[in-house]
Amino acid sequence: MADKEATVYIVDVGKSMGKCQHGRSVTDLEWAMQYVWDRITTTVANGRKTATIGVVALRSNDTCNDLQEDDSFSKISVLQNLGQLLMPDIRRLRDIIKPSSTDRGDAISSIVVAIQMINTYTKKLKYKRKIVLVTNGTGPMNNEGIEEIQRKIKDDGIELLILGADFDDAEFGVKEEDKDFHKAANESLLREFADGCDGAFGTLEQAVSELEIPRIKVTKSMPSFKGFLCLGDASQYNTALRIPVERFFRTYVAKPPSASSFAVRSGGGTGQEGIEDSAGPSSSSGEGLTTVRMSRTYQINDESAPGGKADVERDDLAKGYEYGRTAVHISQTDENITTLETFAGMEIIGFIHMDKYDRYLQMSNTNVIIAQRANDKASLALSSFIHALFEQDSYAVARLVTKEQKPPMMVLLAPSIEHDYECLIEAVLPFAEDVRSYQFPPLDKVVTVSGKIVTEHRNLPNDELKQAMSDYVDNMELDAEELPIEDSYSPLLHRIEAAVRYRAVHPNDPVLEPSEQLTKLAHPSQVLIERSSPYLEKLVQASNVKKVPPKTKGRKRLREAEKPLSGLDVDALLKQEPKRTEISASNAIPEFKQMLSRADSLDVIHDAVRQMTSIVETLIKDSLGDANYDRVVESLGTVREELVDYEEPTLYNDLIRSLKAKILGEELGGDRLELWWLIRKGKLGLIDEKSSSLSQVTELEANEFYSVH
Amino acid sequence: MADDNFTRDDDVAEEEEEVDETVKSFRAVKDAVLFAIDVSSSMLEPRLSEDSRRPVQESPTSAALKCAYYLMQQRIISNPRDMMGVLLYGTESTKFYDEDGNTGSDLSYPHCYLFTDLDIPSAQEVKNLRALAGNEESARGILRPSSERVSMANVLFCANQIFTTKAPNFLSRRLFIVTDDDNPHQDNKSLRSAATVRARDLYDLSVNIELFPISRPDHEFDTSKFYDDIIYKPSPRDGEAPTYLQPDTKTSTGKGDGISLLNSLLSSINSRAVPRRSLFSNVPLEIGPNFKIAVNGYLLLKKQEPARSCYVWLGGEKPRIVKGITTHMADDTAQTVEKSEIRKAYKFGGEQVTFTPEELQALRNFGDPVIRIIGFKPLSALPIWANVKHPSFIYPSEDDFVGSTRVFSALHQKLLKDQKIAIVWFIPRKNSAPVVAAMIAGEERLDENGVQKVPPGMWLIPLPFADDVRENPPAVLSVSPDDLTDAMRQVIGQLQLPRGTYDAQKYPNPALQWHYRILQALALDEDYPGEPEDKTKPRYRQIDKRAGDYVLEWSRLLDMIFDKMYGGQAATTSTLVKREARDAGEGASRPPAKRVKTEEPADLEEQVRQCYERGTLKKLTLHVLKSFLNAHGRATAGKKDDLIDQVEQYFERKN
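Respectively, the protein sequence lines represent chains A and B.
If you read the first sequence in numbering that gives the first Met the number 0, its first letter stands for residue 0, the second for the next number, and so on.
If you read the second sequence in numbering that gives the first Met the number 0, its first letter stands for residue 0, the second for the next number, and so on.
Simulated from the structure, these hints should not be mistaken for lab results.
Watch out, some of these pointers could steer you wrong.
[As the list claims (entries may be wrong)] Below, a list of computed lysine-lysine pairs in the DSS-like style, where the Cα atoms sit at most 25 Å apart:
1. A:Lys402 with B:Lys65
2. B:Lys343 with A:Lys444
3. A:Lys682 with A:Lys620
4. B:Lys343 with A:Lys254
5. B:Lys302 with A:Lys308
6. B:Lys301 with A:Lys405
7. B:Lys224 with A:Lys574
8. A:Lys254 with B:Lys429
9. A:Lys308 with B:Lys29
10. A:Lys682 with B:Lys29
11. B:Lys165 with B:Lys65
12. B:Lys376 with A:Lys355
13. A:Lys546 with B:Lys638
14. B:Lys388 with A:Lys405
15. B:Lys165 with A:Lys680
16. B:Lys224 with A:Lys562
17. B:Lys302 with A:Lys318
18. A:Lys308 with B:Lys338
19. A:Lys318 with B:Lys322
20. B:Lys388 with A:Lys216
21. A:Lys254 with B:Lys301
22. B:Lys388 with A:Lys225
23. A:Lys219 with A:Lys3
24. A:Lys682 with B:Lys618
25. A:Lys402 with B:Lys388
26. B:Lys452 with A:Lys451
27. B:Lys376 with A:Lys465
28. B:Lys65 with A:Lys405
29. B:Lys534 with B:Lys544
30. A:Lys682 with B:Lys165
31. B:Lys322 with A:Lys680
32. A:Lys682 with B:Lys338
33. A:Lys225 with B:Lys536
34. A:Lys405 with B:Lys452
35. A:Lys620 with B:Lys165
36. B:Lys536 with B:Lys301
37. B:Lys638 with B:Lys617
38. A:Lys465 with B:Lys536
Kindly generate the complete structure, drawing on both the sequences and the hints.
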């Protein structure tokens, strides 16, 4: 459980805070609020009831606080009492935090008000107490009784942070020239005040600039396995070795917050509003949205039913599995029949050499394995195992079952020894079924069809290229000692979190670009680029890489491949086959392609397309339900691809227009709308000018074509 | 009842993760494999095994059928949506869709026997194929060679028709020909040319022919005689294959005895069990500013899980798979909501913060897909723990940039030679979250049959971000003194895995195999299989034999050193710690027999055993029972009686 928190933000809203200083485009108050809103929304985002926030306005027009009877507490208003902050509070605060028309109000007094708020709310309970004051330090300040206040802060364990606009900070490098005498005095008063109660004091510029650095949530890990690291079977052999161990996450991917689905609330005028809301940069009010529920119905294929599908009752269903296309029903009593019987344990299978291990085999996040806690003997035993692995340059391979009846995993156990910490690092290794054997040709030689090995080839680097690559790689070495992990932040996670926080306060602003911190690893550093650029130049020359113009990507390059391995001219053979001017329905796709490839006039192409059209229409007419739809899609797709390649988009566009009309007109054996949906899904509509320069169909037109209205 | 959380949509979403979105194709991402197995007298001739201890007779045809059976079982697990069929040719009898009755007279394929129609296999089909492969009585009549020569043109067109009608619009369609006849038509020109034309039809239909040639004992299979006219280079379409990949028809011509023939054929077929599907294609690999080549990405390592349970309908004669359809309803009105009406919102401060779909997309967009090198590091800088998921594999493509392959090769060779890695900014596809990854060069590895086991290329290992790194849990450090470490080194030295490497192929997933083994038995109404085969279990006997003495020595030292280091403190520790400390002492406890008569068993193990033998388990405390069960990897949930049951089961199994 995270600690309970009580934080009071004191915002200086004095008249002078409404001014833009030192050429900044935002007022001091807006500037201060960048910081305050970021902190507040970060707390709100975690959604914890016990993370409470209070807000106090200093130098406000009104006075509203528990101590207001005393004059020295005038012009201080409690805007928000301590409690969980919710969206309506954010909206209200957003509206009322405005520069006031007064510069009166004492900053020290406002801290006393905050202390009072915390005292009242937290009583003597365990809380993390904190007061944050943001001001420009130009108001009147009274240092009366300051020691007593400082003592109170220390006694109550309150953390104090004072931030000031244009406060001098030599360390950060801010110094306000021509500082007003009065402000300088205030600054030193506040600095002394903060120092006197172990608080922090800083300049606003630094605080705002550090907002860019994402904050990392620290998650406490729970052990995912408590059991024994074993070597041998203790129930059979007295030579078995068992060390009690525990397993914790070493890495675990932090996921960005997930969005939930909502429906725009229907009915009445409010519904309309809702739609408008979500179309434009929406208000964050969330009104007009309603939660979405899922409901499931169940169908089986039934040829006798209309549409080939029949609904079935939930009560007639049982749990089962598919074995191929056979349904296997498993009765409730046998529920776990397919579960392999296993018992928890981490059993060593054997050891492997470090230098023979392929690092890319790791399939998962990693874990640490440490000895059972408060067990010195286990700790000593495991240490000997870790050190022995390390000295032997070995890793262990083990079979891990984390709980009884859980499937076994193969894991790698690697020793990790730091000066104050020892553990095993565990990562999941693949089983035989997890490895897909896709084959690829070697990269350092070329094997020809006849089996000859060639070492000089356009696909192989020559010595010049190898040297240039070597030089470039050597001069692009990253300087940092370690990998960029500690200061690299998940870009998506932090961008979404920041966007949600920002949108909550600024509902009408567009979404922001990711902060620089998040994309700093997107490009090599300027230093590296400069250092390596002469080598890169040489590499570019030696490699002679040519971009393929988009046009030639298709047909022409494919042509080469259209001969069998022997290089036999099959086209010549095909020409001798007299019967192939007529496309047969049973072998339509090959014969269509071949007819086009032999075409010596446009007429032949026209004829081929005409024949394919009629074959496709017959397929549709004869289709029992959706039986032939896949063949139709394949035929259309082939015709489309070929006609794009042959630069005859109009022929296809005419075909598909007429086909659409026939489908919608139910001329091809009744309702064939499902087929149209498949055509749409396969993107087999009009060929637009983007796909073929000879087409006169615009992209928009092509998109609208899919609509059936 | 089965739980409601199950949705088939989820499955689809997971599978989609693997589908390459950059290939905009109307084709379904599915694979159909049709085996065409030659049934001639020479293919049926059994080849004696030279190993006299295992007098197995294996003919090329039966080896091919066994491979087909093996592949069929394997694909049910790994590719449950893909199709497979078995066509025998050269048989005396003929069979082709005759039950359907819709075959015309013009479609007759003499001596072609469609044994398993091309489809997702059914349990019955698995059983039939097993019977045929096992040469059972019922199947023998089929494997009789015809006296008349079969026309290869006919065989190829028969396959063409099967693919055209059964697997329309599949992205991948493959014909596996297994034969020992390298020149079926000799000099008959018209038959040869008919076959080449039919082969061209298959090529134009995007069917890849993959040949599994078998040499005869006295004759090396020569593809140049006939098959080089039949087989085409794999189509470069869709980035499925690098442009210059040669089909490895040269490998695995099993010339030897039956067993080695079967093994080499298995390994060769295994290597092509799944069609190569890219994860992403033609993504720029940016080696430096404004210097790009193109690569394709593949998923070579992916956790294979059993398919999830589904609902079956029991209202009919046979159980049938049910398709679930999800509809979304508004909570307040219970009206159906269309997808376009659904808005995504984040919960915040008790309300929702909304974005338009366009804004959501913009938030996810960090630029176009790219693999951008931002620098290099030594391989040793990549710690074992810096891992979050499986890697992706990349291989160059010449589609966008001519010369990609040679540049990639130069980089690959450099990184291998100097043991370096590249650090890259990696966006695999549009709108996917960027990661920082380590790119390491992987060497080509071949198996004992010369078939490629690991392809050459680069591996992209996503690195954790600072957000993904957990703090180490607090732990006490008791550093092992050198003599204890040395004792453990002796143990480790005795138990090296073969060649000191991890070979995944040796460890099939026992839970996955068992799951499907049981399903098969249920589907075929067969006997429940007895013990599961589990190759991941350690070899206990060997461990005892080879390392036993060294473990005992280590254990003796451990006790001694521990007493020396902590001896004085034992009395001051709490009872809890004391008890657990004894658990650690289990490291090689002395033979139990020595302690049987002790009045008060010092040892948890002994205490429980004695109670079990005397039937007094009830006397033990809950805590002792739990500790005992936990020490044996058993779950410890439930009441005392349940725990006692569990303990009893444990001892009953042992005896």
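Against the structure, the hints:
1. A:Lys402 with B:Lys65: With Cα atoms ~37 Å apart, Lys402 (chain A) and Lys65 (chain B) exceed 25 Å; violated.
2. B:Lys343 with A:Lys444: Status violated; Cα separation ~52 Å.
3. A:Lys682 with A:Lys620: Judged against 25 Å, a Cα distance of about 22 Å means the pair holds.
4. B:Lys343 with A:Lys254: 17 Å, holds
5. B:Lys302 with A:Lys308: Violated, because 34 Å separates the two Cα atoms, which is more than 25 Å.
6. B:Lys301 with A:Lys405: 19 Å, holds
7. B:Lys224 with A:Lys574: 23 Å, holds
8. A:Lys254 with B:Lys429: Measuring from Cα to Cα gives roughly 19 Å; hence the hint holds.
9. A:Lys308 with B:Lys29: Satisfied, since the Cα-Cα distance of roughly 23 Å is no more than 25 Å.
10. A:Lys682 with B:Lys29: 18 Å, holds
11. B:Lys165 with B:Lys65: 24 Å, holds
12. B:Lys376 with A:Lys355: 20 Å, holds
13. A:Lys546 with B:Lys638: Distance of about 71 Å is beyond 25 Å: violated.
14. B:Lys388 with A:Lys405: 20 Å, holds
15. B:Lys165 with A:Lys680: 21 Å, holds
16. B:Lys224 with A:Lys562: Given pair Lys224 (chain B), Lys562 (chain A) holds - Cα atoms ~16 Å apart, limit 25 Å.
17. B:Lys302 with A:Lys318: 24 Å, holds
18. A:Lys308 with B:Lys338: 23 Å, holds
19. A:Lys318 with B:Lys322: 13 Å, holds
20. B:Lys388 with A:Lys216: 21 Å, holds
21. A:Lys254 with B:Lys301: 20 Å, holds
22. B:Lys388 with A:Lys225: 23 Å, holds
23. A:Lys219 with A:Lys3: Measuring from Cα to Cα gives roughly 16 Å; hence the hint holds.
24. A:Lys682 with B:Lys618: Not satisfied, since the Cα-Cα distance of roughly 74 Å exceeds 25 Å.
25. A:Lys402 with B:Lys388: 22 Å, holds
26. B:Lys452 with A:Lys451: Holds, at roughly 21 Å.
27. B:Lys376 with A:Lys465: 18 Å, holds
28. B:Lys65 with A:Lys405: With Cα atoms ~32 Å apart, Lys65 (chain B) and Lys405 (chain A) exceed 25 Å; violated.
29. B:Lys534 with B:Lys544: 19 Å, holds
30. A:Lys682 with B:Lys165: Distance of about 23 Å is within 25 Å: holds.
31. B:Lys322 with A:Lys680: 20 Å, holds
32. A:Lys682 with B:Lys338: 20 Å, holds
33. A:Lys225 with B:Lys536: Holds. Lys225 (chain A) to Lys536 (chain B) sits at ~20 Å (cutoff 25 Å).
34. A:Lys405 with B:Lys452: 30 Å, violated
35. A:Lys620 with B:Lys165: Since the Cα atoms of Lys620 (chain A) and Lys165 (chain B) sit roughly 19 Å apart, the hinted pair holds (cutoff 25 Å).
36. B:Lys536 with B:Lys301: 22 Å, holds
37. B:Lys638 with B:Lys617: 12 Å, holds
38. A:Lys465 with B:Lys536: Answer violated: Lys465 (chain A) to Lys536 (chain B) is near 47 Å, above 25 Å.
In the structure shown, a violation is registered for the earlier hints numbered 1, 2, 5, 13, 24, 28, 34, 38, in ascending order.
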